[in-house]
Amino acid sequence: MARINLTVDGAQVSDDVEPRMLLVQYLREKLGKTGTVIGCDTSNCGACTVHLDGRSVKSCNVLAVQVDGHEVTTIEGLATGDQLHPVQEAFRECHGLQCGFCTPGMIMQAVDLLEDNPNPTEEEVRLGLEGNLCRCTGYHNIVQSVLHAAKGVSTSSTTEGARA
Amino acid sequence: MTTTEERPTAEIGRDRRRKEDQRLITGRTRFTDNLTLPGMLHLAMVRSPFAHAKIVSIDTTEAAAARNVVAVLTGADLGEGQGVNINAWPITPDQVAPTHVPMPTDRVAFAGETVAVVVARTAAEARDAAELVDVEYDELPAALDLKAAAADEGGVFAHPDLGTNKSAYWKFDSADAGTGGNVDEAIEKARVDGIVIEREYRQQRLIPAFMEPRSVVVDPTGEQITMWSATQIPHILRFALAATTGVPESKIRVIAPDVGGGFGGKLQTTPEEFIAWAVARRLGKPVKYTETRSESLVSGHHGRDQWQRLTLAAEKDGTVTGFKVDLLADMGAYISIVGGGVPVLGAFMFNAIYKFPAYQFGVQTVLTNKTWTDAYRGAGRPEATYAIERIMDELAVEIGVDPLEIREKNWIKHEEFPFTTVCGLEYDSGNYEAATARAKEMFGYDELRAEQKQRRDAGDRVQLGIGVSTFTEMCGLAPSRVLGSLDYGAGGWEHASVRMLATGKVEVVTGTSAHGQGHETAFSQIVADRLGVPFEDVEVLHGDTQVAHKGLDTYGSRSLVVGGEAIVRAADKVIEKAKPIAAHLLEASADDLEFAAGRFSVRGTDQGMALTEIALATFASHNYPEGLEPGIDAEATFDPDSFSFPHGTHLCAMEVDTETGEVKMRKYVACDDIGNIINPLIVAGQVHGGLVQGIAQALWEEAVYDESGTLVSGSFVDYLLPTAADTINFDIDHTTSPSLTNTLGTKGVGEAGTIASTPAVVNAVVDAVRHLGVNDIVMPCTPERVWRAINQGGSGGATEGAAMPHFDEAEPGRDSTEGAGA
Numbered sequence: 001m002a003r004i005n006l007t008v009d010g011a012q013v014s015d016d017v018e019p020r021m022l023l024v025q026y027l028r029e030k031l032g033k034t035g036t037v038i039g040c041d042t043s044n045c046g047a048c049t050v051h052l053d054g055r056s057v058k059s060c061n062v063l064a065v066q067v068d069g070h071e072v073t074t075i076e077g078l079a080t081g082d083q084l085h086p087v088q089e090a091f092r093e094c095h096g097l098q099c100g101f102c103t104p105g106m107i108m109q110a111v112d113l114l115e116d117n118p119n120p121t122e123e124e125v126r127l128g129l130e131g132n133l134c135r136c137t138g139y140h141n142i143v144q145s146v147l148h149a150a151k152g153v154s155t156s157s158t159t160e161g162a163r164a
Numbered sequence: 001m002t003t004t005e006e007r008p009t010a011e012i013g014r015d016r017r018r019k020e021d022q023r024l025i026t027g028r029t030r031f032t033d034n035l036t037l038p039g040m041l042h043l044a045m046v047r048s049p050f051a052h053a054k055i056v057s058i059d060t061t062e063a064a065a066a067r068n069v070v071a072v073l074t075g076a077d078l079g080e081g082q083g084v085n086i087n088a089w090p091i092t093p094d095q096v097a098p099t100h101v102p103m104p105t106d107r108v109a110f111a112g113e114t115v116a117v118v119v120a121r122t123a124a125e126a127r128d129a130a131e132l133v134d135v136e137y138d139e140l141p142a143a144l145d146l147k148a149a150a151a152d153e154g155g156v157f158a159h160p161d162l163g164t165n166k167s168a169y170w171k172f173d174s175a176d177a178g179t180g181g182n183v184d185e186a187i188e189k190a191r192v193d194g195i196v197i198e199r200e201y202r203q204q205r206l207i208p209a210f211m212e213p214r215s216v217v218v219d220p221t222g223e224q225i226t227m228w229s230a231t232q233i234p235h236i237l238r239f240a241l242a243a244t245t246g247v248p249e250s251k252i253r254v255i256a257p258d259v260g261g262g263f264g265g266k267l268q269t270t271p272e273e274f275i276a277w278a279v280a281r282r283l284g285k286p287v288k289y290t291e292t293r294s295e296s297l298v299s300g301h302h303g304r305d306q307w308q309r310l311t312l313a314a315e316k317d318g319t320v321t322g323f324k325v326d327l328l329a330d331m332g333a334y335i336s337i338v339g340g341g342v343p344v345l346g347a348f349m350f351n352a353i354y355k356f357p358a359y360q361f362g363v364q365t366v367l368t369n370k371t372w373t374d375a376y377r378g379a380g381r382p383e384a385t386y387a388i389e390r391i392m393d394e395l396a397v398e399i400g401v402d403p404l405e406i407r408e409k410n411w412i413k414h415e416e417f418p419f420t421t422v423c424g425l426e427y428d429s430g431n432y433e434a435a436t437a438r439a440k441e442m443f444g445y446d447e448l449r450a451e452q453k454q455r456r457d458a459g460d461r462v463q464l465g466i467g468v469s470t471f472t473e474m475c476g477l478a479p480s481r482v483l484g485s486l487d488y489g490a491g492g493w494e495h496a497s498v499r500m501l502a503t504g505k506v507e508v509v510t511g512t513s514a515h516g517q518g519h520e521t522a523f524s525q526i527v528a529d530r531l532g533v534p535f536e537d538v539e540v541l542h543g544d545t546q547v548a549h550k551g552l553d554t555y556g557s558r559s560l561v562v563g564g565e566a567i568v569r570a571a572d573k574v575i576e577k578a579k580p581i582a583a584h585l586l587e588a589s590a591d592d593l594e595f596a597a598g599r600f601s602v603r604g605t606d607q608g609m610a611l612t613e614i615a616l617a618t619f620a621s622h623n624y625p626e627g628l629e630p631g632i633d634a635e636a637t638f639d640p641d642s643f644s645f646p647h648g649t650h651l652c653a654m655e656v657d658t659e660t661g662e663v664k665m666r667k668y669v670a671c672d673d674i675g676n677i678i679n680p681l682i683v684a685g686q687v688h689g690g691l692v693q694g695i696a697q698a699l700w701e702e703a704v705y706d707e708s709g710t711l712v713s714g715s716f717v718d719y720l721l722p723t724a725a726d727t728i729n730f731d732i733d734h735t736t737s738p739s740l741t742n743t744l745g746t747k748g749v750g751e752a753g754t755i756a757s758t759p760a761v762v763n764a765v766v767d768a769v770r771h772l773g774v775n776d777i778v779m780p781c782t783p784e785r786v787w788r789a790i791n792q793g794g795s796g797g798a799t800e801g802a803a804m805p806h807f808d809e810a811e812p813g814r815d816s817t818e819g820a821g822a
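Protein chains in written order, with the numbering used here: chain E, 1 to 164; chain X, 1 to 822.
By construction, these hints were calculated from the structure, which means they are not laboratory data.
A virtual CB, placed ideally from N, CA and C, is assigned to each residue, including glycine.
The reader is advised that the hints may include incorrect statements.
[Unchecked claim] Within a straight-line C-alpha distance of at most 27 Å, the following computed DSS-like cross-link-like pairs (lysine-lysine) qualify:
| id | chain 1 | residue 1 | chain 2 | residue 2 |
| --- | --- | --- | --- | --- |
| 1 | E | 151 | X | 667 |
| 2 | E | 30 | X | 285 |
| 3 | E | 151 | X | 19 |
[To be verified] Residues of chain X clear of chain E, computed beta-carbon distances all greater than 12 Å:
| id | residue |
| --- | --- |
| 4 | 148 |
| 5 | 659 |
| 6 | 662 |
| 7 | 792 |
Build the full structure now, drawing on both the sequences and the hints.
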C-alpha cells in the first residue's frame, strides 16, 4: 500500500492504495466519484477522461500513486455550484448526448480542447475528440455542442443546433 | 422564421431540451456499475479460450485459497438453480436448438463461454483469483465457417449431440400465402424474355458495442430478490428468471437503472445475469458483476452475419416481376432470445417500397462455435434493405438508367396508400416521391451527377460515386396476434399508467425502458399536451418492475408508437374518469362539459375546473358522486393493429481514390418520413446516431475470427468503431405522412438511420468505381478491399485473420486463413 494525498474536485483527500490501482478505480471505488465511468480496458474509449492539473487524461491510463500531490477534476467538479460549465450547458443545448455514458469523458476532453484552442474549426474539434468514442450521437451534435460552447452564443430554441 | 413569431403552445413538435440531461452532464448517474451495497461481493468469470472443447476437469483449489476469495463455483456447483437462457422465438416447430445453460458443465461451445465464477470481496481480487482456476480442456473440432457449417461439412458439429448444424428453415412464398404470384415462374419467364440479376451479398458479423459494458447487481437479502441490470428488457428478464430458476415472479424485482446504450445488444437475458442471480441466492449476499470491454465483445451477442443469395426478375423496361431471397444466418453457439427471429423480421422487407408481384424468402439458421447472435439495431431490416437497395442499383445499371428512375418505376405511388404488399402487410401511409424530391434538392443530385461525369471523363484519380437508398422498414414491435402467428413466445402490447397527484403533479409510468432515447422528455411532451399540464410537472417513471409493473420494454422502435400510444390512452382515460367528478363538483351535466387546455368548462358559462383541481378533490374525496371510485388515475394497455412503416430517401456521395482504395464521405443527405414528430431535437439525434451505425457497417466494423475460432477483433483496438474524426455532419430533413395506426400519427425512428444508410454508402463506393469493372465490394469497404476490387477484380476478398501476422514472419499478414466472414 502507498499513501497518496491529492485534491479531487476541490477537496483534499488522502488514502492508502495498492500501487497497481488505477486512478479511475480510485475515483470510483475509494471516493465514490462514479460520475467518471469505465468503458473499455484498452484506453480507446475515453469515457474515463478527467483533468489532471488542468489537462485531460484518461484516468484508466494513470495510476493512483502517480497523482500524489496533484489536482484532479472530474465531471462532478466541473460546474460551479448550480452554475454549469459552458461546455456542459452546450451539450444539453445542442443535444450532444443520448445515453450519457461517454458524456463525462467527452465533456472533459472538450473543455481541455477549448482551453487549448478557444476558436476551433469543425475539423479541429473532430480531431480533438478522436480519442473519445460515442455510440449514440454519431458525433454530429457533439461537434455542434463544442462549437456552440466555443462561440458562447446565447441559447436558442430553434433546432439549428441539431440540424446545422 | 421571424423573431416576432410566437412560440407554439403545443408541446408536441417542440424541440424541448431533455429532462434527462442535467444528471448525465454532471456525473450524477446511476449506471449499474455505480451501485454499491453493504457487504457486496464481486464476481469474475473464468472463460474458455477454446471455441469448442470438452471440459475435462476444473481445479478450483488454488483460486479458492486466494486472498479474500469467498467462493469459486462451477456449473456443477450451481446445478439447476442457474436456470436456462431461453429462446423466445422458435421460428419453426422443429427448430433444433441446444439447451443453453448459463455455465455449462461438460463442454464449451464458443471461445469466451464461462466455465467457473470466482466470488471475492473486491473485483480485483476476484479477477486475480480467476487466473488461478485450472481448467483442463479437450479440444473438439469447431464449426466456424457459416457455409461449411450449414452444409454440415466434414461432420463437424457445433453441438455433436444434435447431429446437425442446421437449426431451422423458415420460408415465406407469396404464391403459397396467396399474397402474390409464383416467383420461380417469374424468374423462368425473365430468363426467356426479360432480365435476371443474381447476386450474393455478405452481411458481416457486427458487435453492438454499446458504450456502457454490461453490469449486474443482485441483492437477495430482501423479501423480493432484486436484480439491477444494464438491460433493455427488465420485464422480460424478470419473466425469464421466474420461468427458469424456480423463483416465483412475485418474488423478483428487476431494475434497469441508467443504461448506457443498447442498440439491441442489451435485448438479451444473459448467462452473466443468471450466474450472478444463482451465486447471490446461494451465498445470501449481494453480488456484482461488471464485464470488461474484452469480455463484452466476446460474450455479448453479436449481430447480422448472413449470406444473402438474391435473384431479381424484371421485364426489359425495368419493371420487377419477382424477387427470390435465400439466406444463411449464423446463430452462433446458442439460439438467443430472438435468435432466428432476427432474419424473419427481415423477411417481409426485401420487397421494400416496391410493387413486386411475386416474392419468396427462405432462411436457414445455422449453429456455429462462435459468439451467439441476436438483434442489433434494425434486426433483419438492415439486411433486407441492403439486399434490395444494392440489387435495384444493379438493375438500373443493366438497363442503363439512373438508379432513382428504376426505383420510381417500381415503387408504390403516394396515391396508392394504403397499400397491401406482396408479403401481405398493409403500409398505411407514405410518399416516396416527396421524400425523394426533397432529398435530391438538399443533395444537389443533378450537380453531383454532372461532376461525377466530368471527373470520370477526365480520368481523375479520385472518383465520385453517388449512392441511393430509398428504404422503408417495419417497426413498432408489434401486433401481438401477428407475433403469435409467427410463433413468437410473447406479445407486443405496451402498458402505461397516469397518476394524478394531489399537488397537481403528474406521474406517468411506462412499460418501455429507455437507455438513451429521451423517453422522459418526449413522453412528458405528449402528456403535457393531452392533459393540459406544464411539461415540467410531468414525471416519467420506468425501468423498475416494482414501479412499472407491466411492460414489454424497448426495442424495435416501439417505445413511441406502442408505448406512447398506451400513454395517450391512459391520459384519455384520466380525462374520462375526471369528467363525471367535474360535473358533480360544478353541479353541471357531464354532457355540458368540454375539456381543453387542462380544464373542464361548462359550455356557455364561465364556470370551470382544472384537471389538477379535480385531482386534489379526489385526494380529499370529501365530495364525489355516488357509485364512482374516488380517483382519476388510469392505466391502459395498447396492442397495435399493425406495424409502423417509416420510410425515406438517403443519398450519399463518396470519393474513392482509385490508386490507394481510400474512401471518403463527402456528403450525406437523409429525408425521412416518420410521420408526426414529437421532438425534432431527439429525432435528429436518433437519425444521426443511426446513420453512423449503418455507415460503420459499410466502412469499418467487422467481428473477425481466426481459424481456431478466437475473436481477433476482441477489443476496441481491433474492433473499429468510428470516431468524430472519421465522420461528417449530416443534412437531414423530413417529409410527413402521418401514420394512421396510432393517435399521434407517429412512426418509429430509432432504427431508420441504420437501416437506410448501409446500402447508400456501399452503392456510392461501387458507383465510384463501377466503370473500372467493379460491381460489388464486400463490407466493410476497407481501402485494401476497394483497391483489390479495382485491381484484381471480384469484390475485394474476405477479411484476413488480421491479428495474426506475427505467426509467420516470412509472409506477414498472409499466413492466416480467412475469417469467419469468408
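### Query
Which hints from the list above does the structure break, by number from lowest to highest?
none
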